[in-house]
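Residue strings, one per chain:
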Amino acid sequence: MIVGLFIPCYIDQFYPRAARATLELLESTGVEVVVPTDQTCCGQPLANSGYEPDAVAVMEQLADTFAGVDHIVSPSGSCIHHIRHHYDILEQSPAVRHLREKSLELCQFLSRHPEMNLPPAHFPFRTGLHQSCHGQRGLRLASSSERMEPAWSVVGDLLKKVEGLELVSLNREDECCGFGGTFAVTEEAVSVRMGKDRVADHLQNDVEVITGTDLSCLMHLEGIIRRDGLPLRVLHVAEILNTTGEQS
Amino acid sequence: MSHPEQAEQFLANEARSRWHDETLWQVRAKRDRAAGRVPEWEELRETASAIKSHTLSRLDHYLVQFEKQTRQNGVTIHWASNAEEHNRIVHSILEKHAVRKVVKSKSMLTEECGLNGWLETHDIETVDTDLGERIVQLAKERPSHIVMPAIHKKREEIDELFQRTLHTRPSGGDAVYLTREARRHLRQKFLEAEAAITGVNFAVAETGEIVVCTNEGNADMGVHLAPVHIACMGIEKLIPRRADLGIFLRLLARSATGQSITSYSSHFRKPEKGRELHIVLVDNGRTRQLGREKFRQSLACIRCGACMNTCPVYRRSGGHSYGSVIPGPIGAILSPGMDLKKHASLPFASTLCGSCSDVCPVKIDIHEQLYQWRQIVIRDTAGDPAKSGAMGAAGQLMRRPRLFRLGGKVLRWLLRRLPRPFLYSRFNPWGKQRELPDAPEESFFEWYKRNRQ
Amino acid sequence: MASRDDILKAVRQNKPEPVPHPGIPDFTHRMAEPLIERFVEEIEKAGGSVANLQHRNDLRSELMDRYQPSVTWSAVQGLSLPDALSDSALSAPDTRPGEGHTVKNTLPDSDHSVENTTPDSVLTVERMEKLDLVVLKGDIGVAENGAVWVSGEILQRRVLPFISLNLAILLPASAIVENLHIAYEKLQESTHSFGTFICGPSKTADIEQSLVMGAHGPATATVYLIEE
Chain Y
1 MIVGLFIPCY IDQFYPRAAR ATLELLESTG VEVVVPTDQT CCGQPLANSG
51 YEPDAVAVME QLADTFAGVD HIVSPSGSCI HHIRHHYDIL EQSPAVRHLR
101 EKSLELCQFL SRHPEMNLPP AHFPFRTGLH QSCHGQRGLR LASSSERMEP
151 AWSVVGDLLK KVEGLELVSL NREDECCGFG GTFAVTEEAV SVRMGKDRVA
201 DHLQNDVEVI TGTDLSCLMH LEGIIRRDGL PLRVLHVAEI LNTTGEQS
Chain V
1001 MSHPEQAEQF LANEARSRWH DETLWQVRAK RDRAAGRVPE WEELRETASA
1051 IKSHTLSRLD HYLVQFEKQT RQNGVTIHWA SNAEEHNRIV HSILEKHAVR
1101 KVVKSKSMLT EECGLNGWLE THDIETVDTD LGERIVQLAK ERPSHIVMPA
1151 IHKKREEIDE LFQRTLHTRP SGGDAVYLTR EARRHLRQKF LEAEAAITGV
1201 NFAVAETGEI VVCTNEGNAD MGVHLAPVHI ACMGIEKLIP RRADLGIFLR
1251 LLARSATGQS ITSYSSHFRK PEKGRELHIV LVDNGRTRQL GREKFRQSLA
1301 CIRCGACMNT CPVYRRSGGH SYGSVIPGPI GAILSPGMDL KKHASLPFAS
1351 TLCGSCSDVC PVKIDIHEQL YQWRQIVIRD TAGDPAKSGA MGAAGQLMRR
1401 PRLFRLGGKV LRWLLRRLPR PFLYSRFNPW GKQRELPDAP EESFFEWYKR
1451 NRQ
Chain Z
2001 MASRDDILKA VRQNKPEPVP HPGIPDFTHR MAEPLIERFV EEIEKAGGSV
2051 ANLQHRNDLR SELMDRYQPS VTWSAVQGLS LPDALSDSAL SAPDTRPGEG
2101 HTVKNTLPDS DHSVENTTPD SVLTVERMEK LDLVVLKGDI GVAENGAVWV
2151 SGEILQRRVL PFISLNLAIL LPASAIVENL HIAYEKLQES THSFGTFICG
2201 PSKTADIEQS LVMGAHGPAT ATVYLIEE
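Chains as they are written, first to last, in our numbering: chain Y, 1 to 248; chain V, 1001 to 1453; chain Z, 2001 to 2228.
If we strip away everything but chain Y, and leave its shape as in the complex, we get (with noise of 0.2 Å):
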């Protein structure tokens, strides 16, 4: 099985320690992982600013750079979602039916392939998990609290599986961080409240990492950690389950 691995344009500029805990971890479950160069983008900052005609190109672009692969793994649910669910403007060629069907989040491709062992993290802190919303409720990543169904987390069940850790309940399990995209800066006042909303839920819980599935929302998260000087600190969960050896 050949995995190509998708790092979304701001993970691989401003996260790209995610980045190699992602392609580190694929590694060490025994795929072979290709990252092709001319990846850029899943064009969604474009189209969820309603410019999707903008966007045809890179998306088609991005369809063709995975035509050979066997999955297309991501640690982002968003861009994930995005390549699943929005991809109808494009002619669904071949390659982009193939993009869509076969794009994995990270956790839900690790969770699809439960024969392939992760080798054991260690990561002892109080560890928050923010669900974000396109990987929760858009790809079905975990259960939400809106829907009367029993509860059930695909990155709950990876990070549990890690030693020392705790995951901690907060009193708002799936409330939105308030990133949004380029909401987070057209709705900057409401983007933030909800961030420190956020933000505080996490602290009077006692978390001391904050994790999730997507950096876009952790950034936010981290922006208002950062400025306000609180004990707190983002972790791609790829980042958490890579731990071996190490300390993160």
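These aren't lab readings, by the way, just hints derived from the structure by calculation.
Please read all numbers here as calculations on a predicted model, not as lab measurements.
Be aware that a few hints might be false.
[Unchecked claim] With a Cα cut of at most 27 Å, we get these calculated DSSO-like pairs of lysine-lysine:
(1) V:LYS1096 <-> V:LYS1294
(2) Z:LYS2186 <-> V:LYS1273
(3) Z:LYS2137 <-> V:LYS1273
(4) Z:LYS2137 <-> V:LYS1270
(5) Y:LYS102 <-> V:LYS1294
(6) Z:LYS2186 <-> V:LYS1154
(7) V:LYS1030 <-> Z:LYS2186
(8) V:LYS1270 <-> Z:LYS2186
(9) Y:LYS102 <-> V:LYS1449
Since the structure of chain Y is already known, use the hints to place chains V and Z on it.
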């Protein structure tokens, strides 16, 4: 004013906006508990959604059937293509009976049509009898929530408002006292009213009956005391059969307030002896919305308000920030269909978190429709040319991986070098209350190239 | 009529392809707890109360015990209780306290057995507006939400359940069904001109979500369950 500007004003009063958020969150939590007591909740949602889809696909049939049934029941049916025709019809009925005093129970449709203002200009006293609506009316405001119209007001303000308008004594915001005074005031209005106007929650094509749900009993008080009852409804309120009511009434109150059912769910089939019942069927853009494939499902809305209570943006920005008759997520997908330019900022007043769609009792894919409205806003309105230019350029840049990465490298270099006052100027909304992320020396692909290729 | 035709034409042009009615799934026997237990819980949650009666003949003494000190004016609708309670609808005398003689309790003790015998002329708005208690017959109780179906056919004036200060509904325990679907099955053939599900008293929470009973009508609502 756009949504972000009004939202910022609402948030400026931190104590109030926090109270607003917390209070509506509690309503959402009550809804969760109520829904959780119904093992078949998700099946109910699925069935409700399917019944609405069915009804919309045969709406002409059901409208004709409803009309026929109501005629047999001795009810007078009126048809209005738009808000003005609706208002003229209501006014003409009132004129015929020389009505000068009207009591009204909650109806988002009459809000949409601006009926109160219309009647006032014709010297007809129109009193909203739902307590929340009366508060808003006395304050000369508009409802900020479709189920809790005065949720934006604090008790002290209501106390002051009642002192000024109803001559109550200062009570420090005693809700029991204020409600008693409102009861006395409105009781008089009920007794004097010559006509009662209500909304409609559901209209049953099979039987020609309409169902009106309230907790206060204000719709019934008005209707049964006044000689004339005028019920105003959008054409999308129809459901095929009486048995379908079971599905919708089980969902409505639980979704709205977390009650298992409202105090009163009244079924009006024939007028009371010696009285008149008129039903006004209103289009006002609904048939147009029916023709929009991506948006027609919004017509399934049963006006429970659950999407408002769950929306993290609505809870923090308040209903008035939307500047539309129906606020919140559902308002943000209904309003652009009425006036795209005026409501252009509403589809963007969301993080697309999807909570609205998951809470919706009729499974409207609200957040997906928000996404689709964004495309239409950008396509059909003259937006910000600078933004359009930037987006187009970004789209071009992303097609060129090397150039794109070079751009990233330059950006990171600038972020590391530029002085803080320059980076955190007023042109950077991100940095107003947030730090920018660290800009590492080496991107992932730079590392990859160096180590793996 | 131009608008009628315009609207129907626009609907025909714009409606989607036919979608079938899904039917209503069978939702019976999903409730974990006994029906009466849940019914009582739901009513109490809605701010109402439930009292159990061995026999409908006990209703009169129950009402006397509960309301005697405060009730001046009452009305009874849809009940035929020769041994317990008069069926006269407005059982108060024509005079108000102070106007003629003082009446502290007007719950009737005569044994007429005809329903709703009060002349309509007695049911003026002025009188109804002063009602302290309305006693009604309920037809169906719904366990899942505590609602009771009251048919308009028993009401001399429809406003009666909504206008008095207190409401009492007599309901046979055997009339309690699991959910609304079953209630509507029972109502399928009903040709009521008016009917209403009532659950608890009139209430509002429009001032800062503080719950207050008696917004416009009844501040108390009691269901008397007869076990017979």
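Review point. Taking 27 Å as the top limit, are the C-alpha atoms of LYS1096 of chain V and LYS1294 of chain V close enough?
Key: violated (42 Å)
**Study point:** Satisfaction of hint between LYS2186 of chain Z and LYS1270 of chain V, Cα-Cα up to 27 Å
**Key:** holds (20 Å)
Check your understanding: Is LYS2186 of chain Z within 27 Å of LYS1154 of chain V, Cα to Cα?
Key -> violated (45 Å)
Review point. Is LYS2186 of chain Z close enough to LYS1273 of chain V, meaning Cα to Cα at most 27 Å?
Key: Roughly 25 Å between the alpha carbons, so the hint for LYS2186 of chain Z and LYS1273 of chain V holds.
Review point. Going straight from one Cα to the other, do LYS1030 of chain V and LYS2186 of chain Z come out at no more than 27 Å?
Key: Between LYS1030 of chain V and LYS2186 of chain Z the Cα gap is close to 30 Å, so the pair fails against 27 Å, i.e. violated.
Review point. Going straight from one Cα to the other, do LYS2137 of chain Z and LYS1270 of chain V come out at no more than 27 Å?
Key: Roughly 21 Å separates the two Cα atoms, so the pair holds.
Point to revise | Hint consistency between LYS2137 of chain Z and LYS1273 of chain V [alpha-carbon to alpha-carbon, up to 27 Å] | key: Roughly 21 Å between the alpha carbons, so the hint for LYS2137 of chain Z and LYS1273 of chain V holds.
Exercise for review: Take a quick look at whether LYS102 of chain Y and LYS1294 of chain V sit within 27 Å of each other, Cα to Cα.
Suggested key: holds (26 Å)
Point to revise | Holds or violated: LYS102 of chain Y to LYS1449 of chain V, with C-alpha atoms at most 27 Å apart | key: Given that 27 Å is the threshold and the Cα spacing comes to 26 Å, the pair holds.
When each numbered hint is compared with the structure, violations occur for hints 1, 6 and 7.
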